[in-house]
Amino acid sequence: MNAALEDLYRQLIIDHSRNPRNFRVLEGADRVAEGSNPLCGDEVKIYLKMDGERIAEISFQGSGCAISIASASLMTDSVKGKTRLETEALFDAFRALVTGKQAPAGVALGKLAALGGVAAYPVRVKCATLAWHALRAALAGSGRVSTE
Amino acid sequence: MAVANECRLSTGCCYDVERVRADFPALHQLVHDKPLVYLDNAATTQKPRQVLEALLGFYSRDCANVHRGVHALSERATAAYEGARGRVASFLNAARPGEIVFTKGTTEAINLVAQTYGRSQVGAGDEILITALEHHSNIVPWQMLCQQNGARLRVAPVDDRGELIMEEFERLLGPRTRLVAVAHVSNALGTVNPVEQIVRMAHERGIVVLVDGAQAVPHLAVDVQRLGCDFYAFAGHKLYGPTGIGVLYGKLELLEAMPPYQGGGDMIRSVRFEKTCYNDPPYRFEAGTPPIAEAIGLAAAIEYVSSLGLEAIAAHEHNLLEAATQALGELPGVRLVGAARDKAAVISFVVEGVHPHDVATILDAEGVAVRAGHHCAQPLMRRFGLPATTRASFALYNTLEEVDALVKAVRRVGEIWG
Numbered sequence: 001m002n003a004a005l006e007d008l009y010r011q012l013i014i015d016h017s018r019n020p021r022n023f024r025v026l027e028g029a030d031r032v033a034e035g036s037n038p039l040c041g042d043e044v045k046i047y048l049k050m051d052g053e054r055i056a057e058i059s060f061q062g063s064g065c066a067i068s069i070a071s072a073s074l075m076t077d078s079v080k081g082k083t084r085l086e087t088e089a090l091f092d093a094f095r096a097l098v099t100g101k102q103a104p105a106g107v108a109l110g111k112l113a114a115l116g117g118v119a120a121y122p123v124r125v126k127c128a129t130l131a132w133h134a135l136r137a138a139l140a141g142s143g144r145v146s147t148e
Numbered sequence: 149m150a151v152a153n154e155c156r157l158s159t160g161c162c163y164d165v166e167r168v169r170a171d172f173p174a175l176h177q178l179v180h181d182k183p184l185v186y187l188d189n190a191a192t193t194q195k196p197r198q199v200l201e202a203l204l205g206f207y208s209r210d211c212a213n214v215h216r217g218v219h220a221l222s223e224r225a226t227a228a229y230e231g232a233r234g235r236v237a238s239f240l241n242a243a244r245p246g247e248i249v250f251t252k253g254t255t256e257a258i259n260l261v262a263q264t265y266g267r268s269q270v271g272a273g274d275e276i277l278i279t280a281l282e283h284h285s286n287i288v289p290w291q292m293l294c295q296q297n298g299a300r301l302r303v304a305p306v307d308d309r310g311e312l313i314m315e316e317f318e319r320l321l322g323p324r325t326r327l328v329a330v331a332h333v334s335n336a337l338g339t340v341n342p343v344e345q346i347v348r349m350a351h352e353r354g355i356v357v358l359v360d361g362a363q364a365v366p367h368l369a370v371d372v373q374r375l376g377c378d379f380y381a382f383a384g385h386k387l388y389g390p391t392g393i394g395v396l397y398g399k400l401e402l403l404e405a406m407p408p409y410q411g412g413g414d415m416i417r418s419v420r421f422e423k424t425c426y427n428d429p430p431y432r433f434e435a436g437t438p439p440i441a442e443a444i445g446l447a448a449a450i451e452y453v454s455s456l457g458l459e460a461i462a463a464h465e466h467n468l469l470e471a472a473t474q475a476l477g478e479l480p481g482v483r484l485v486g487a488a489r490d491k492a493a494v495i496s497f498v499v500e501g502v503h504p505h506d507v508a509t510i511l512d513a514e515g516v517a518v519r520a521g522h523h524c525a526q527p528l529m530r531r532f533g534l535p536a537t538t539r540a541s542f543a544l545y546n547t548l549e550e551v552d553a554l555v556k557a558v559r560r561v562g563e564i565w566g
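The listed protein sequences correspond, in order, to chains U and D.
Here our numbering is used: the first residue of the first sequence is 1, the next is one more, and so on.
Here our numbering is used: the first residue of the second sequence is 149, the next is one more, and so on.
FYI, nobody ran anything at the bench for these hints, they're computed from the structure.
All values reported here derive from a predicted model rather than from experimental measurement.
Among the hints, erroneous ones may be present.
Claimed, not checked - Simulated restraints, written as ranges between beta carbons of each label pair:
1. D181/D to L12/U: 21 to 29 Å
2. E27/U to E352/D: 39 to 47 Å
3. P407/D to A103/U: 56 to 64 Å
4. G100/U to D181/D: 16 to 24 Å
5. A3/U to G205/D: 40 to 48 Å
6. Q296/D to K80/U: 44 to 52 Å
Said to hold, decoys possible - Calculated from the model, a selection of chain U residues having no Cβ within reach of chain D, i.e. all distances over 12 Å:
7. R18
8. F23
9. G28
10. L39
11. E57
12. A89
13. Q102
14. K111
By construction, the Cβ of each residue, glycine as well, lies at the ideal position given by its N, Cα and C atoms.
Based on the provided sequences and hints, a complete structural model is requested.
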């Protein structure tokens, strides 16, 4: 298989797209936001329970391509327990990763690094960042975002 | 004739696809180190060198504005532009060239009818009937008109095969129906609608019919007088011609009664600050400098397609469609969407558990270009309970080997997804 394609669809990505983690409605969520990518039809809804500035619980639901679902799944795993500022910093580092830019120093991406293959596919960046935009909207309390 | 068709169908002996391919420079390239297999023809087609040469010839020798200069180049440009109008008229078998309006595409042609004929003839409480198969370009202009004039949009449903349910369609033709707007061929499923029957039903009730022919003209011979439709719209770029050129055919008596679309030069007879007199059709609807080179390129494309013969093209594409339908249908986990009995060379499918965008990315890595998404037909996708499909659409230059490449690439999807 073509190396770029292999890098895009790593086993971890396919696994998370098939069996997304935290894929449910969060009962008693105090913040909810939806994101959509009208061009592809990808849709995601993020549920949050905050503990002050910290994300105590997070879940999501949605439909879309493997990249958007796997990205949402990995994101929910990686921001749980983080503060708003830490989440912002992680998003900056993630966005740098998927757009092939220099990552800011001092932020550990962990499993999110599995989405590094997206950098070779500029049209799929929107898929990879959709859940993040929705998360950011939820944190800001703005309800709805679109990546178009 | 029947014998000749049989011969083409069974052996392809009368249609030399390799010779055809040699006319299309863009087909001969590698994509991700694989030979390009271009199967996104319903989105746009590649262009033969005859079209490229017509564009280059116009810009290298005859480039001037039309309908105004008295100098030699302007006369040549005008003759070529009006010649293109005549070529389109004979291609559609329109009664006269004056029934051919050049637009920038199918979308503009439909908007033109909505905003001129529609705005002046469709009133509050009137109805416009479309079908569930329509492209957004044959939905939204009518929604806009309905909002402006207080009319109501009705939608005729399709069955599970993706065929229009004719009884429902006829039932929806009511006393308030003023206009029917229907695709000749569905861009998402390939369904060929029974346009003659639709026109007959509508005309029995005095209703005007617009046909969106964007997906039909590349695949079947269109005769607007035989169809009987009042308006017919298509685009050059899906017919191996340039982008930026479309055609609106309209019956002359309708065009003559319609108010102008846009104001500007060329669409007027005389302008005074007190009063402006509008030009006759088709010029009344072509304000400003038209797409001159594009019209000339379109005429070259029509010449090209006509030299191969639309019946031979249709037979060749039918072979490709049959082969792809059978081979993809046999792949485990692949479901074909749309099984109309009368179908143009479009095949929409889903791979179980894999989103169409991921399918298209994997196909692209194999050099196979297809479309993934809702195909600008979201209501139709909703009808089939799908957010999207992957669509392979064939053209006169595709080969059975390319069908094999498609099938092999779809198999790769299964391998990668395990």
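Would you assess whether K111/U, listed as outside the interface, keeps its beta-carbon beyond 12 Å of every beta-carbon in chain D? holds (20 Å)
Is the nearest CB of chain D more than 12 Å from the CB of R18/U? With a cut-off of 12 Å, R18/U comes too close to chain D, as the shortest Cβ separation is near 7 Å.
Pairwise beta carbon distance, Q296/D to K80/U, judged against the given window 44 to 52 Å: At roughly 51 Å between Cβ atoms, K80/U and Q296/D fall inside 44 to 52 Å, so the hint holds.
Going by Cβ atoms, does Q102/U stay more than 12 Å from chain D at every point? Holds, since 26 Å exceeds 12 Å.
Against chain D, does L39/U hold up as non-interface, every C-beta pair farther apart than 12 Å? The claim breaks: L39/U does not keep its Cβ more than 12 Å from every Cβ of chain D (closest is about 7 Å).
G100/U paired with D181/D, Cβ distance criterion 16 to 24 Å: holds (21 Å)
CB of E27/U to CB of E352/D, is that within 39 to 47 Å? violated (59 Å)
Status of the given 40 to 48 Å range, CB of G205/D versus CB of A3/U: With Cβ atoms ~44 Å apart, the hint holds.
Does the no-contact call for A89/U survive, Cβ to all of chain D over 12 Å? Nearest chain D Cβ is 29 Å from A89/U, so the label holds.
Is it the case that G28/U keeps its Cβ farther than 12 Å from each residue Cβ in chain D? holds (29 Å)
Distal placement of E57/U relative to chain D, Cβ over 12 Å: holds (27 Å)
Are all C-beta atoms of chain D more than 12 Å from that of F23/U? Non-interface label stands for F23/U: nearest chain D Cβ at 15 Å, farther than 12 Å.
Consistency with the previously given hints fails for numbers 2, 7 and 10, ordered from lowest to highest.
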